[in-house]
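Required output: the full structure, derived from the provided sequences and hints.
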Amino acid sequence: MSFDVESHSSDTVIVHMGEALDFRNADEFKDTFQDHVEDGVRNFILDFSDTEVLDSTGLGSIFSLYREISPEDGKVAFADVSRPVQVVVQLTRTYKVFRQFPSVQAAKEALA
Amino acid sequence: MSTFAKDYTDLDRALDEVRTLIEEWSSEQNSASAPTPETIRYTQLVLHEWIANLLQHADFEDRSPLIQIRLQTENRHVTCSVTDNSEGFNFQDQLPSQDEAMEDLPERGMGLRIINACTESVSYTPTNSGRYRFEFSIPADHDPWLSMLF
Numbered sequence: 001m002s003f004d005v006e007s008h009s010s011d012t013v014i015v016h017m018g019e020a021l022d023f024r025n026a027d028e029f030k031d032t033f034q035d036h037v038e039d040g041v042r043n044f045i046l047d048f049s050d051t052e053v054l055d056s057t058g059l060g061s062i063f064s065l066y067r068e069i070s071p072e073d074g075k076v077a078f079a080d081v082s083r084p085v086q087v088v089v090q091l092t093r094t095y096k097v098f099r100q101f102p103s104v105q106a107a108k109e110a111l112a
Numbered sequence: 113m114s115t116f117a118k119d120y121t122d123l124d125r126a127l128d129e130v131r132t133l134i135e136e137w138s139s140e141q142n143s144a145s146a147p148t149p150e151t152i153r154y155t156q157l158v159l160h161e162w163i164a165n166l167l168q169h170a171d172f173e174d175r176s177p178l179i180q181i182r183l184q185t186e187n188r189h190v191t192c193s194v195t196d197n198s199e200g201f202n203f204q205d206q207l208p209s210q211d212e213a214m215e216d217l218p219e220r221g222m223g224l225r226i227i228n229a230c231t232e233s234v235s236y237t238p239t240n241s242g243r244y245r246f247e248f249s250i251p252a253d254h255d256p257w258l259s260m261l262f
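Here the protein sequences come in this chain order: Z and X. Residue numbers for the first sequence follow the working numbering, beginning at 1 and rising by one. Residue numbers for the second sequence follow the working numbering, beginning at 113 and rising by one.
Just so you know, these hints were derived from the structure itself, not from any lab. These numbers were taken from a predicted model, which means no experiment stands behind them. The C-beta atom is built at its ideal place from N, Cα and C for all residues, glycine as well. One should not assume that every hint holds.
To be verified - Mimicking EDC-like on lysine to aspartate or glutamate, the simulated pairs with C-alpha atoms at most 20 Å apart in a straight line are:
1. Z:96 with X:216
2. Z:30 with X:216
3. Z:108 with Z:6
4. Z:96 with Z:68
5. Z:30 with Z:11
6. X:118 with X:128
7. Z:75 with X:216
8. Z:75 with Z:109
9. Z:96 with Z:73
10. Z:75 with X:219
11. X:118 with X:186
12. X:118 with X:140
13. Z:96 with X:255
14. Z:108 with Z:11
15. Z:96 with X:219
16. Z:30 with Z:4
17. Z:30 with X:219
To be verified - Here are some chain Z residues pointing at chain X (derived, C-beta under 7 Å):
18. 23
19. 55
20. 64
As the list claims (entries may be wrong) - From chain Z, some residues computed to sit far from chain X (all C-beta separations above 10 Å):
21. 4
22. 5
23. 40
24. 100
25. 101
Here it is in structure tokens:
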């Protein structure tokens, strides 16, 4: 499964996370964001509207993205977070690190 | 008491199927005693983390993997076991204590912490038949937010 990435501006993309981000596709997610970081993208809006599974390895790959872009004022935003993903976010308290928005549009406006 | 039982020799398939099957099983329970949606989500997450752990790290030597999932509910309380034919490992040694410091935003090592936070009790022990059994329980009022991860 590949990740569907939509460009919003020169430094912001929306990544549609699909059905799952887990240990089976976490490396693919890292390859995907790496390509965009190298192209100058600093803000990543992660659309979790269709996501049924986020596991510890998947979350770890998002931390990896955050560690890479945060020194350059990059941001990772969670948008339209599904209930299964919300459980993991609450459990791990990652809402302290990643801003959440009710929709991709709201995230776009906040990061503009 | 109602029991969900499913055996798998293909752990990838188990990972793909078990979430949906448990949701379907839960929806068939009597609404007065069925686990809450939150309890079911914790159950699904724990099972995903555990099966992923087996897929990535378990040593099955030259045997074909076999796992047997048994899930029971009574008065909204969930108990679950996953018996496997791997060589096992010392679970208590691997399980981080809740107050053990963790590196900031780690890329690995969160799976067992998540399992620990979602459950009231959890163990992984040898059975009399030479297999290993992962067991956990989640009470109806379990509040994993009390279990600090970061």
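> Are the Cα positions of residue 30 of chain Z and residue 11 of chain Z separated by 20 Å at most?
Replying inline: holds, 17 Å
> Is the nearest CB of chain X more than 10 Å from the CB of residue 40 of chain Z?
Replying inline: holds, 23 Å
>> At 10 Å, judged by beta carbons, does residue 101 of chain Z keep clear of chain X as stated?
In response: holds, 20 Å
>> Please verify whether residue 118 of chain X and residue 186 of chain X have alpha carbons no more than 20 Å apart.
In response: With a Cα-Cα distance of about 19 Å, the restraint between residue 118 of chain X and residue 186 of chain X holds, given a limit of 20 Å.
>> Against the 20 Å threshold, does the CA-CA distance of residue 96 of chain Z and residue 255 of chain X hold or violate the hint?
In response: holds, 19 Å
> Is the straight-line distance between the alpha-carbon of residue 30 of chain Z and that of residue 216 of chain X 20 Å or less?
Replying inline: Cα-Cα ~19 Å, so holds.
> Once the closest CB in chain X is found, is it more than 10 Å from residue 5 of chain Z?
Replying inline: Non-interface label on residue 5 of chain Z holds, nearest chain X Cβ at 21 Å vs cutoff 10 Å.
> Is the straight-line distance between the alpha-carbon of residue 96 of chain Z and that of residue 219 of chain X 20 Å or less?
Replying inline: With a Cα-Cα distance of about 17 Å, the restraint between residue 96 of chain Z and residue 219 of chain X holds, given a limit of 20 Å.
> Taking 10 Å as the cut and beta carbons as the points, is residue 4 of chain Z off the interface with chain X?
Replying inline: holds, 20 Å
> Taking only the CA atoms, is the gap from residue 30 of chain Z to residue 4 of chain Z under or equal to 20 Å?
Replying inline: holds, 13 Å
> Is residue 75 of chain Z close enough to residue 219 of chain X, meaning Cα to Cα at most 20 Å?
Replying inline: holds, 18 Å
> Taking 20 Å as the top limit, are the C-alpha atoms of residue 108 of chain Z and residue 6 of chain Z close enough?
Replying inline: holds, 12 Å
Every hint, counting from the list given before, is met by this structure.
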